[in-house]
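Position chain B relative to chain A; hints supplied.
Sequences listed follow chains A and B, in order.
For the first sequence, my numbering assigns the number 525 to the last residue and increments by one with no breaks.
For the second sequence, my numbering assigns the number 195 to the last residue and increments by one with no breaks.
In case anyone wonders, no lab produced these hints; they're calculated from the structure.
Accuracy of the hints is not assured; some may be wrong.
Stated by the list, open to error - Not the full set, but computed from the structure, chain B residues with beta-carbon under 7 Å of chain A: (1) Tyr-92; (2) Asn-151; (3) Phe-193.
The C-beta atom is built at its ideal place from N, Cα and C for all residues, glycine as well.
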Amino acid sequence: MAVIAQDDDSAVIVIGSGAGGGTLANELCQKGVKVVLLEAGERQSSATFINDEWRSFKQLAWSDLRTTSGSWRIARDFPNLPAWICKTVGGTTTHWAGASLRFHAAEFRARSTYGAIHGANLLDWPLALEDLEPFYSRAESKMGVTRTSGIPGLPGNNNFKVMYNGAVKVGYKNCHTGRMAINSRARAGRGPCMQLGFCFQGCKSGAKWSTLYTEIPAAEATGNLDLRTRAHVVRIEHGAANKVSAVVYIDAQGQEQRQRARVVCVAGNSIETPRLLLLSTSTRFPDGLANSSGQVGRNYMRHTTGSVYAYFKEPVHFYRGTVMAGVITDEVPNNPKRGFVGGYEMETLSLGLPFYAAFANPGAWGPEFARLMDHYRYTAGMWIVGEDMPQERNQVTLNHKVKDQFGVPVPNVHYDDHANDVSMRSHAYQQGEAIYRAVGAIDVIRTPPYPSTHNLGTCRMSERARDGVCNKHGQTHDVPNLFISDGSQFTSGGAANPTLTIVTLAMRQAEYISQEMSRREL
Amino acid sequence: MTTIAHAGTLCVESAARRDFLRSSSRLTGVLVAHSVLGLLAPTLSWALELKHLAQTEADCVLILAKTLYPHKELPDAVYALVVKDVDDYATDGAALLSAQASIHSLNARVGGQFTQASDGQRRQAVTQLIDSSFVQKVRGICITTLYNNEMAFAHFGYEGDAFSKGGYLLRGFSDVSWLPNPPPDVSPPFPA
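Bound-form chain A, shown alone (with noise of 0.2 Å):
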C-alpha cells in the first residue's frame, strides 16, 4: 500500500469508497495512478458483517445527523433518516441488494422523450447509450451481473415464485430472476450465493459484489493506494487558479488533516456530495464550489418507490434466499397513456420480522397491524423503483441551525412528490397487489417508500454549464481537476437500480482522468 505524505499534490484524491469512488480509485490505480482514498467510515469484512438487522445497520449505516423537509412521507416516519446508505468502507456497495440493470436509451433523453412536464426540472444527458455500452460491457464483466458475460442466473427463491406466478397470470412476460452482482456460481474468486437473505447486512459469503472485497483490495495490490478510514472529509480548498489543490478532513484521532491533490473526485453519495461542495465557500466561489449555475445540491432524485406485501394461505418464508430475487421489467417503457412519464421495475424484496415491523406500516398499531405481523411466514413482497421527476426545489441544503459531531452544518433534504411519480406509485401499487390477488393474497398492504438508498441528481451532467454541475466525464463545468464520481451526476433518473450505471460511469471517468493527466491537462 502507498503512503502518500500530505504536501504531495501529485496524487489524485478520491472521497468516499462505495460503487464510484471505489471503482474509480481502483481503475486508476490499475493504470499506474497514485490515490489517496478517503473513506469516512470503518472497515469490515465478511467476516464481521452481522445477520442481524439492527446490530447490522448500526455497524454499516450513515446514521451522522440529517434533516428533512417536505411532503414526502420520510419527513413524517424518519425525519432523521432521509437516507439508508453507508458509512464503512465500500460504502453503500456493503448494503445493496446486487440489482444490476443498464438504463435504456430513451432514459438518457428524458426531456426530448417525456417532453415539458409542469414542474420537472428534466433534462437529456451530455451522452447516450452508446457512450456507455462498452463500458457497460466491462462493469458487468468486474461484477459478475448475472445474464450477462455467460454467467448463468441465479436460482429464485420463495418469494420469486410467488411474484412469478402472479405475473405470469397477469400477462407480463418479463420475469426472471434478474441480473444482479451476486455469483451464481464461483468466480473471481468468490464462492457462489448461499441463499443466506441478508444482502442489505454485508454478505458475509461474499458472492455479492462491493467494492470492499473487490476493488478495494485489488487497487491495494499495485501499491498506488492510500486508503485512510475514519478520514471525514469538511471541506475542499483551491489554489489561485480556478483549480482545487486540497482537502481537509478530520481522522480518526479527531484531528484535522489537510492533503494536498492534483485532481479531487466527490464521491459521497448525492447528500454528502454537494453538501460537501456548499461547504467549501471562498470569496472565489461564495455559493460553494462548482455552483455559478446554482445547480449544486437541486434535483435530488430517490426513485419513487414503495413495496406491495401480500399475505397467503400457505407460507412463503420470503426471508430465505436473496433480498431481490426476481425482476418485472414490463413496465418500464414509457407509455404515458398510463398516466404518467417514465416507467417502474418490481423487484422482490424481503425484510427480516425486526425490520418488517419497523418500515411495513410506520408508525401503525392496533389490531390491523398485528395481524401483518402474525401472518410474517406467509407474506411475499415486491419493491417498486421508478423514475421520479427532477425538481429544483427538491434538494440538499446546509442546515444552518442544526451541526454535526464536528460541528459542521447538518445536510437537510427536502422533498416532495411530483404529480407524476404520485400517479406511478399508484399504478405500481395497483398492480402490484393485482399480481398478489392472482395468486390468491388474503390481504394486500401497501408500504411508503422507506429511507432513500437510491440518491441521485444532485450535481446533475449537463451540456450547458447553467443546466448543471459537470460535463458528460463527471467533470465540474466551473473547476476542470474537480470531478463527481457518484450518483450526483445522474442527469435523470432512470427506472434502474443506478449501482451499474454509477460502476460503468465511474470505469469511464477514469479514463478519461488519467487520459488528460498524460496530456498534463490535469
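Here is chain B on its own, set in the frame of chain A:
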C-alpha cells in the same frame, strides 16, 4: 439481543441488590409447556425485576404494549421485554414522571384502572393519547424490542441468523409447493 435464556435468568437478583432498587416490583409468568416457546425455554417460569416502575406502573405498561400490538398467542414473557426497556428508560427522573403522568391519563380515560378495562376501552384511550410522547416512546420500544428477540422469531416464524446454519440453499429457500415452479430459463437450477 435479549434471548429466552435471559427471560429465564432475569429473576436471579440478590436481596442485597434489591435494597438499592427504588422499587422492587416484578413481572412474572409461566410459558405454556407445549407451546413453541415452552419447548425452547430453559425453564417455563419467568420473572422480571424492575428498578424504577412501581408494580401498578409496570402492569399498566405491559397492558399498554398488548393494546398497541395485540398478538393473542404471544406470551407475556415477550411483552415483558418491552416493560424492561421502559423501566430502563425510566432511569431518567423526567422520563419516570412522564410515564407516571401518562399512566394517570390512561386510567382517567377509561374511568378506572387501564389494566382492568375492556379491549375496546383501552384501544379508545390509546387512540386519544397516541401522539403523547410517552405512548409514542412505548410504541417505538415495542417496534424495536417486541419483534427483535429469539422468542418473537420463533413465534412469528422468522429464522434469524442464517450464515451459521449455512444459509437456505439446502434449507428450503425454494420449498414452496403450493405454486408451480417457474421454468428454468427464468429461474435456473443451482449449477451443480
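Against the structure, the hints come out as follows:
Residue-level restraint check for Tyr-92 (chain B) is violated (minimum Cβ-Cβ distance to chain A is 17 Å; threshold 7 Å). Interface restraint check for Asn-151 (chain B): the shortest CB-CB distance to chain A comes to about 4 Å, inside 7 Å, so the restraint holds. Given hint, Phe-193 (chain B) at the interface with chain A, holds; its Cβ is 5 Å from that chain's nearest Cβ, closer than 7 Å.
Violated hint: 1 only; the structure is consistent with all others.
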